[in-house]
Structures are given as C-alpha cells and as structure tokens.
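For the record, in the sequence shown the residue sitting at position 342 is 341 according to numbering that gives the first Met the number 0, with numbers rising by one throughout.
Read the hints as simulated data drawn from the structure, not as lab findings. Just so we're clear, the structure is a prediction, and the values are computed from it rather than from any experiment. Careful, some of the hints might be misleading.
Claimed, not checked - Estimated spans, in silico, between C-beta atoms of each pair:
{"#": "1", "residue 1": "Trp306", "residue 2": "Thr131", "range": "38 to 48 Å"}
{"#": "2", "residue 1": "Trp306", "residue 2": "Leu81", "range": "13 to 23 Å"}
{"#": "3", "residue 1": "Asp355", "residue 2": "Leu389", "range": "55 to 65 Å"}
{"#": "4", "residue 1": "Leu430", "residue 2": "Glu464", "range": "42 to 52 Å"}
To be verified - In silico DSSO-like pairs for lysine-lysine, Cα to Cα no more than 27 Å straight-line:
{"#": "5", "residue 1": "Lys168", "residue 2": "Lys115"}
{"#": "6", "residue 1": "Lys142", "residue 2": "Lys168"}
{"#": "7", "residue 1": "Lys168", "residue 2": "Lys57"}
{"#": "8", "residue 1": "Lys142", "residue 2": "Lys353"}
{"#": "9", "residue 1": "Lys57", "residue 2": "Lys352"}
{"#": "10", "residue 1": "Lys291", "residue 2": "Lys110"}
{"#": "11", "residue 1": "Lys236", "residue 2": "Lys291"}
{"#": "12", "residue 1": "Lys209", "residue 2": "Lys142"}
{"#": "13", "residue 1": "Lys68", "residue 2": "Lys209"}
Even for Gly, the Cβ is constructed at its ideal location relative to N, Cα and C.
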Amino acid sequence: MDVQQVSLSSSPKESSHNPSTTPDESNNLIKSTNNNDIDGKSSPKANSSHSKYIHSFKERESILTDIFKTNVHINSAYNLFLSLTILFLFTQLGQYLLDLNELTQDLNYMKWAFGKFHLGLTVISYLFFCSTIQWIIIRSINKMSTTFWIAETILILMFTVIPTTLINKIQFSPFLALAIYLEQMRNGMKSWSLVVENMDLPPGSRATFKQFCYFMFAPTLLYRSSYPRSKTRSWRKVLLLFFQFLACIFVVFAIARRFVSYTFSTTGIVPLKINELPVIFSIALVVGLVLKFCLMFGFLHSWLNMWAEMLQFADRFFYDSWWLSSSFGEYYRKWNLVVHVWLHTYIYNPLNKKYDNRNLAATATMVFSSLFHEYALSMAFGFFYPVLTLMYFNGIYFYFATLHFSGKTNTAMNTSIFASLILGIAIQTMLIPMEWYARLNCRPVYKDFLRDFFIPRTPFCVRFE
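Work out the full structure, taking the sequences as your base and the hints as a guide.
What follows is the structure in structure tokens.
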C-alpha cells in the first residue's frame, strides 16, 4: 500500500486509459458483475446491500503489460532499467570482493532488516487465522444481532492488540514491521468486504470456505462469489514477475543502505553541515523518484500480477495511467485501483449517498486514508512523525485546486504533479530517517511514553554548523 492510496469521485470524462478497453468500460464502478466462479463455472452474481455500487470485474491486463507487448520503445526502456539493475548488482559484488568489511557490514544490515522474517510470517499467519474466524462468524450468525457485535468486538481486539503486542515484543525492523502492519490493514479491509457483501444474504448463499480462501489470496479487496478467470497459467511468467519484485526489493535495500544509513546514521552525534543540505536533498529527489518507481513496478505491477497469474485471476487492472494525470484527483483515482475501489465502495459512496455532498465525501475519504497510512508508519517506526499527514492535507488542497484540469491534457499540470510527488517522497526520505536515528542516538526528551511518541526528537537532537 502506497502513501497516497485514496479514493475520490469519478466522472465520465475522467475515464481510464487502458488500451484494451474503452473509456466507459474501464471506469465503470457501478455495473453488476457477470463473471466465472472460483471453479471457472458460471454462477449467480454476488448480491449485497451495496449492489448499486458493484464494481465490475472483467478480464483485462495491466496497462504496462499491454504497453510492453505493443510498444517496442517502452520495452527498450524496460530493458535499459533491467540492465542498469544487473550492472549495479555486479558493481556491488565487485565492491565486496575488494572490501570484505563492506560485505560484513551489509550482511549485518540485512540480518537486522530481514533476520526475523520467519517470525513475521508467524504474525501474518495469525492475521489470516483472525480472518478465518471472521468467515466462521459470517457462516454461523444469521443476522447482525447482539451476538454478532459481541463476536466482532472480540475479533477486532484479537486483530489489533495481539499483533501489535507481538511486534513490539519481537522488535522487528521497520521494514518487516511496516510489511506486517500493511498486511494487517489488507486483512482488515478484506474482512470488512466479506462482512458487508455476505451478511444480507441467506446463510446458504454466503461465502464457502473455498471462496473465502481464494478471496484472501486474490489481488483484490472486494469480495465476490465469482471472479473472471484466465484459461491458462504460466509458471514461467510467475517466476519472471517474482524476479522483478525481488529486483525492486534489492534496489530499495541498496538505497536504504547506501543513502539513508550512510547519510543519517550519525544524526545527533555529528553536527549536520548546513551547506551539505542542498546536496543531500538533491540526492533525495533522485531517491524519491526511484522509490516511487519501485513501489509502483515492484508491488502494484509485479507482485499483484504474480498472484493473479498463480490464481488465474483475470482482472489485472491494478493501476491506471496515473503518469498522464493533469490533476491530483485524477492521480489519486489512478495510482492504486485496488485500494481506490475499496475506498470508493465502502467510504466515499456511502458518505456521498447519505450527505449528498461529493466534496465532503472526497475529503473524508482522503482523511480516512491518511490516518491509516500514518498508523502503519507510526507503529512500524515506533514514533509519530506526521510528515505524511501534512502532505495528505496539502494534497486535499491541491485536489480541489486542480479539479478544473481533471481529464485534460495539460503539460504544465502533469509536470507539477510529478514534481510535487517526487518532492513529497524526498522530504519523507530525509525527515523520517533523521527522526529514526535521532531516537537511536539521543536520550528521550520526555520520560512519559505518550509525549515521547508524539513529539519529534529531531529538533532537540540535531545540531547544525
């Protein structure tokens, strides 16, 4: 999940740019579903209290998949980035051969970052267990009675308190902790969809265990009794997508080790030279661009398509052509369609229906999204540093300020959106690691936990010269 995965209203002129579908088809969020069931056989479409807003699943590829097939120029750009990644890997291997101490330090860093991976899988398995209990509740209780709400309250406590306690006790690195908290939110969003889409159905028509298991691993947050299925499965493609995902992880790890760790590890110990700040920030701009690319290509494209290929999940429209956006509203809708559709279905549409105010619904949706992103970052790093929240509120302002340009080709607006996105990631790439190392290197300013958690330590720790 990215830092700006929010859902906003859509209009006919703000259609998707999937080359395999028409604009009306790709942006339709209120069509009924008519797909194949888990076994590939036809079945009645899902019915729920949100049937008016049912998202239409259909067989379609990801945009980049279509572009790589049809545009040799873009395919050459992909080969260029792939060759650069391979050359960078060989450069690192050469450096290790020349300096074994560097290899030792990187292995220790990797051990710190991923050494408790098996324990992380244990916590994630527990989250899946909680989701399974949610399915049992849905199958066992006929309606939303007092018994249902008591069971849900107990389940929510199991789903939130126990994983947080385990994470704090095991002391995961921020990398693994963030992955676990994002998995917690993913399971929570899936469980909510499972409840909403099933509780109004007759008990015999609710999700079977097979449907539940498929849904939990499928790359979507919306439960349906059936999904479109592809006819074939290519394990070669699965391995290629997994390799692409690992390559992006390697690049992110190299950035964390070579830029973040080297630059900010002495925060609070060695004074920060003011004349070096422009250089550091310039590097952070490039780093921000690379991180944005790795997040999009590594997760939204490679990781989700890998699971889609394994499960023969045919609707692979996980993102739209956000790089062509001329407004922030258009960007928010297109960046991450997996989360966008969930927010649009369960947050934006109910609020808009109740209050008949699209601006209020859009603002509330963005605030909701920012709070959950801030929750994941704060819990993973162990402190509240609201850089992301401030940028979200800044994004709310620019969302309304740029509505006029939505759906229009505007080079200036498209450039400004790119600039603001890279700038935002660069600021986070600088400030969050500084706060992390300030807390490692400096004594707490406040003795009580709450003030120490919510008040940044950087202003009291960092010295300039």
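Each hint, compared with the structure:
no., hint, in the structure
1, Trp306 <-> Thr131: 38 to 48 Å, "19 Å, violated"
2, Trp306 <-> Leu81: 13 to 23 Å, "22 Å, holds"
3, Asp355 <-> Leu389: 55 to 65 Å, "30 Å, violated"
4, Leu430 <-> Glu464: 42 to 52 Å, "19 Å, violated"
5, Lys168 <-> Lys115, "12 Å, holds"
6, Lys142 <-> Lys168, "38 Å, violated"
7, Lys168 <-> Lys57, "44 Å, violated"
8, Lys142 <-> Lys353, "23 Å, holds"
9, Lys57 <-> Lys352, "26 Å, holds"
10, Lys291 <-> Lys110, "25 Å, holds"
11, Lys236 <-> Lys291, "24 Å, holds"
12, Lys209 <-> Lys142, "22 Å, holds"
13, Lys68 <-> Lys209, "34 Å, violated"
Against the hints set out earlier in the document, violations occur for numbers 1, 3, 4, 6, 7 and 13.
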